[in-house]
Amino acid sequence: MSEYAWLIPLIPFLAFVAIIFAGRRLPGHGAYVAIAGMSASLLISLVIAAGAITHGGHFEPVVRTAAWIPYGYSTLNVGFTVDALAIVMLIVVTVVALMVQVYSIGYMHGDARYPRFFAFLSMFSAAMLGLVLANNLLVIYICWELVGLCSYLLIGFWFERPTAMRAAKKAFLVTRVGDVGLFLGMLTIYMGIGSLDLQTVLSHESVSTMAKTIVSVGPWALPLAALASLGIFWGAVGKSAQFPLHVWLPDAMEGPTPVSALIHAATMVAAGVYLVARTYPLFAYSDHSISLNVVAYTGAITALMAATIGFTQYDIKRVLAYSTISQLGFMMMGLGVGGYVAGMFHLMTHAFFKANLFLGSGSVIHGTGTQDIREMGGLKKHMPRTFWTFIIATAALAGIFPLAGFWSKDEILLTAFHADKTIFYAGVIGAFMTAFYMSRLCILTFLGEPRDEHIHAHESPRVMTVPLIVLAFLAVVAGWVGLPGKNLFAEFLHTDLLHLEHHAFSLGIAAVGTAVALFGVLLAYIVYMTPASRTVAALGQISVFRFIHSLVYNKYWLDEIYGVIIIRPLFAVTRWMFAIDRWIIDGTVNAVGWLTVAISRVQGWVDKWIVDGLVNLIGIVTRGAGLILRRTQTGVAQQYAMVMLLGLLALVYFYLIRAG
Amino acid sequence: MQTLTEHILSIVIFLPLAAGAIILLAPPGANRFFKWFSFVTGVVVFGLSLPLYTGFRSGIAGPQFVEQAPWISLFGQQAIWYRVGVDGISLFLVLLTTFLTPVAILSSWNAITTRQREFYASLLILETGMIGVFAALDMFLFYIFWEAMLIPMYFLIGMWGGPNRVYATIKFILFTMFGSLLMLVAIIALFFVHHRATGVYTFDLFSLYGTPLTGRAEFLMFGAFALAFAIKVPLWPLHTWLPDAHVEAPTAGSVILAGVLLKMGTYGFLRFCLPLFPSASAALVPVIAALAIIGIIYGALVAYAQQDIKRLVAYSSVAHLGFVTLGIFTFSIEGIEGGIVQMVSHGLSTGALFLIVGMIYERRHTRDMSQFGGIWKAMPVFGAFFLIVTLASIGLPGLSGFVGEFLVIVGAYKVSAVYAALAASGVVLAAVYMLWLYQRMMQGPVENPENADLPDLSFREIVVLLPVVALIFLIGVFPRATMLRQMDASVRQTIELVEGRNGLPSRVAESPELPVGRLGCRGTGAWDMDVRGARPRTWMSGAIGFGAVGSQAIGMQPHPNPPLKGEGASPNPPVKVDGDRLLLDFTSASHDAVGNVR
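Heads up: the protein sequence lines correspond to chains A and B, in order.
Residue numbers for the first sequence follow the numbering used here, so the first one is 2 and each next one is one higher.
Residue numbers for the second sequence follow the numbering used here, so the first one is 21 and each next one is one higher.
Hints were generated in silico from the structure; no laboratory data involved.
Note that beta-carbon positions come from the ideal geometry of N, C-alpha and C, so glycine has one too.
Heads up, a few of these hints could be off.
Simulated pairs of lysine to any residue, SDA-like, Cα-Cα distance not exceeding 25 Å [said to hold, decoys possible]:
no.: 1; chain 1: B; residue 1: Lys397; chain 2: A; residue 2: Arg167
no.: 2; chain 1: B; residue 1: Lys397; chain 2: A; residue 2: Ala37
no.: 3; chain 1: B; residue 1: Lys397; chain 2: A; residue 2: Arg25
no.: 4; chain 1: B; residue 1: Lys397; chain 2: A; residue 2: Ala19
no.: 5; chain 1: B; residue 1: Lys397; chain 2: A; residue 2: Arg117
no.: 6; chain 1: A; residue 1: Lys213; chain 2: B; residue 2: Ala437
no.: 7; chain 1: B; residue 1: Lys397; chain 2: A; residue 2: Gly24
no.: 8; chain 1: A; residue 1: Lys213; chain 2: B; residue 2: Ala441
Non-contacting residues of chain B with respect to chain A, defined by C-beta distances greater than 12 Å in every case (computed) [said to hold, decoys possible]:
no.: 9; residue: Ala217
no.: 10; residue: Val220
no.: 11; residue: Ser478
Not the full set, but computed from the structure, chain B residues with beta-carbon under 7 Å of chain A [unchecked claim]:
no.: 12; residue: Ala444
no.: 13; residue: Leu455
no.: 14; residue: Gly464
Produce the complete structure using the sequences and hints provided.
Below, the structure written as structure tokens:
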């Protein structure tokens, strides 16, 4: 079945084509076509996965390639690989995408561009599936860009809204800044070893060549492998919303909520983490390589920064957005400390519960008509299915035993503990903060009493709640593939390309993780559900705290800082450049023209009145200048045209006569 | 029938001229006839040019479909020939011309209301000139077409242009003339130098390749040719005629100007400057690459500052053509092939952008961006086309722009990682101004009631855009089958002409004052060269052998395929140093090598 893996991205792509062209004439206005396509992809993925699992540890990746651009001495290939990493991603993407599409039937009901929405969703999934299967960096880059394009189209789906169109553009541009890094990283690899095929690039031989080749970049000397992997990581920083390129993601909430779910769980942000995992041998060219450290610390900074912002936001989707950034930071941390399996494990579990949370928030928005959690409260009564699934996903995200998030978070903490204590402590703090802000969100949304009597909440239709239930189920059980003792997930992902250290389960670390999570839940309960909330509110009036709150609430003013140091200067430069173009460059041109005219006038005058007799020499010069000037007059140019035309006709004549 | 197949290229060249003459002879006022006759002619010429593509044999470097006849004798010798042919480089530019001309004619259907007879005749005569430029294999013939083509363009802008058309026309003509005349001087000089060396008077391009030139003469002639082409491209800072010409030109004029005319500059670099003056070209790579990169970034930045849509697209052309020039001056197969793909891709995507601007102008009679907004709602089909073309212009994979930019950046990386990084940043800037344009015109709320219910594209307009967009996809998805396969042999030959099988190292040795040189060898051989005055430079690459002359560092970079094993250097570095002399010994090397001496 692996032979037919190319069908997995192709089917949703064909669904896209069909819906774009046939649209409303299709069953379900295109929705059923999209869902049928995604179901087929899911089915093929499951069959492939089943085949791989039954083969156990002796599973051979299937690699197929074909030449795309052969030029010069070498060839750029396209092709696909079905290996364990790809299979994990295939399942995650197809499951989440299918749930999102089913849910969208209800959520997007009545939208003016309903078929187009399903077309774009299909295309988005197809691009991501292509990226997962690609066995060549160039193909990965192509799909990577297509993922970016689809996010642009979907975030800006309601393009009449100025905020939505700006968010879409911001997402595209910020991630494209990252793409330049990926592109240059790719070229560095290509120049270093002359291939972009992952099989060649990631082989022991190539990696050790690239690790031994030292190049100087400014004052630093770096191995080629570090340079290449840092380039790739910069791409991942853009796509996976890591600091400092995370700013597009919260704004991307302007897209329809199912899109947010897809972006946050399966298609877009997962791409960066997946890419780092995919090219992991390049990062891990040596133990504690500079690249791995950069990945780990970027992840840690991102995880903590985003979590603090999550404390302060009031928009239900924005809280979740910062939670996503924070969790992506966790995944990067895991990868950075050598936890290849841990990072991917968290990617998988997170996909299920974050999709659930986003779809749940969509259900809440659908039911209440607002996104501001200050206006909600007490929704538990009115939206029981949404509430319970949301709670399960929150517990999973907070890392409560035995839900999915517990196992994957524990795996990351465990790896970090053995590799880098700083990262470990950052992870512990992050885990506490996650539990706190997620509990805060649940409490403010669902518990207590309704705070706005205008809102008459109602439960969403079944087509929306069934996906929630499926995802909640996965949020419970998905972690059980990576149990201590018999870690099926780690065994499955095992690859000969990597020397992965495996650390034995530590009860102590699991206890620490659970304790901080429970403490976070408890603290949130105290702060928001007990009379202590008044004390907290009073504390919030102290100027220091107010400053901190305002700093965090405003996302550390990063958007504003970028505005001041990058965007506004850039636009100022464009205006200066245009002024230079108009007044200096073009001014010079016009000045030369004016001078020529002036000089020839003077010369003409001199010629005519002063040197008339002597002057054949100057006459020639003047005629030379005049020759140019005369062409500016239409009459002469027509003559000139005539001469040329006659010449051409003569040419034809000669040719035809000679050729007989 | 046999005449048709034997003279297919000449027929393609002169059929438009004949049709133009017929139109001019017809009584004025038969407007439907002018439109349909010229459109049908355009389609027929395109149809006739297709055998050039289908019958083109890949793998042959030299020109095909060659036709020749003696034309003018000079000094008792048959010096000037009518000689035309297409090779893997010019083939695509000829096809681009025959493809865009009927598109441009069809786009003018309702836009041109005055002097229709002269308008359509000018377009057809222009087509003859443009195809002739790309097909000419005789320098004299080339120059005639090069100049003849200016006249119909002059009328197109000067008679059917916007309010400021006289200024724009004069500027366009004077700029171009200035370069052309110097080029004419250089052509004639080359003619005599060639005679002095060989005793043969000829303007035949391939005979003139390899004319031995002294360093100084070569630089002067290169300068004269390069100036003419740089104005045409246009290379920064010679570009200011372009925005004015585009803004004033009618839609068809802009399409042809951006689509075809600008390519004459880059084509000229590739066809004339590189093979005729290899050492000067190699020596001036840093200068021209720098101008190209300035163009890429500067064009993008200035494009952002525009309010007039046409002006924005014009500046974007400066950036796109910067990519082409950069690619050509990498002297690498990737760079040059990327440059050619980019030429065609730019012709299609920018041509389509001008068509789109024209369509919206016909509806609203303004090109001021601030007058638009939210049009996508009223014009969904238009919006889809506009989006695809926008994405092609910013190099999205799957569309033609990506293939060109990607290969150019690969080529640039081979010369210098800094070039590649700067060019790649231009890709981001392109996205900034194009998405901004799209956002301001198509998205957002409809604030101006005039935009609320604009009619969507008519059937004719869809017919205009559809083939262009189809080609953008076709090239983007199948670059090899559609373009790269055919051009490969010709591009290789051009590179070999530039690098010389073993000529170039000695050329560098002849002129030790050159700051830069480029070595190339294919197969085996040995060279001995003097590298005094070569500037030291650190190489950044995986597979390098290092040599040093005094304080000078010389990097040799063996081609990455097959990758070298071990320490990332060739097993026996072919570079040996003896005092101020550098010995290159490839007699035992099993790989191709290309390297730079800095």
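We went through each hint and held it up to the structure:
no.: 1; hint: B:Lys397 / A:Arg167; verdict: holds, 17 Å
no.: 2; hint: B:Lys397 / A:Ala37; verdict: violated, 29 Å
no.: 3; hint: B:Lys397 / A:Arg25; verdict: holds, 17 Å
no.: 4; hint: B:Lys397 / A:Ala19; verdict: holds, 22 Å
no.: 5; hint: B:Lys397 / A:Arg117; verdict: holds, 13 Å
no.: 6; hint: A:Lys213 / B:Ala437; verdict: holds, 19 Å
no.: 7; hint: B:Lys397 / A:Gly24; verdict: holds, 17 Å
no.: 8; hint: A:Lys213 / B:Ala441; verdict: holds, 23 Å
no.: 9; hint: Ala217; verdict: holds, 29 Å
no.: 10; hint: Val220; verdict: holds, 21 Å
no.: 11; hint: Ser478; verdict: holds, 19 Å
no.: 12; hint: Ala444; verdict: holds, 5 Å
no.: 13; hint: Leu455; verdict: holds, 5 Å
no.: 14; hint: Gly464; verdict: holds, 5 Å
This entry does not satisfy hint 2, going by the numbered hints stated previously; all others are met.
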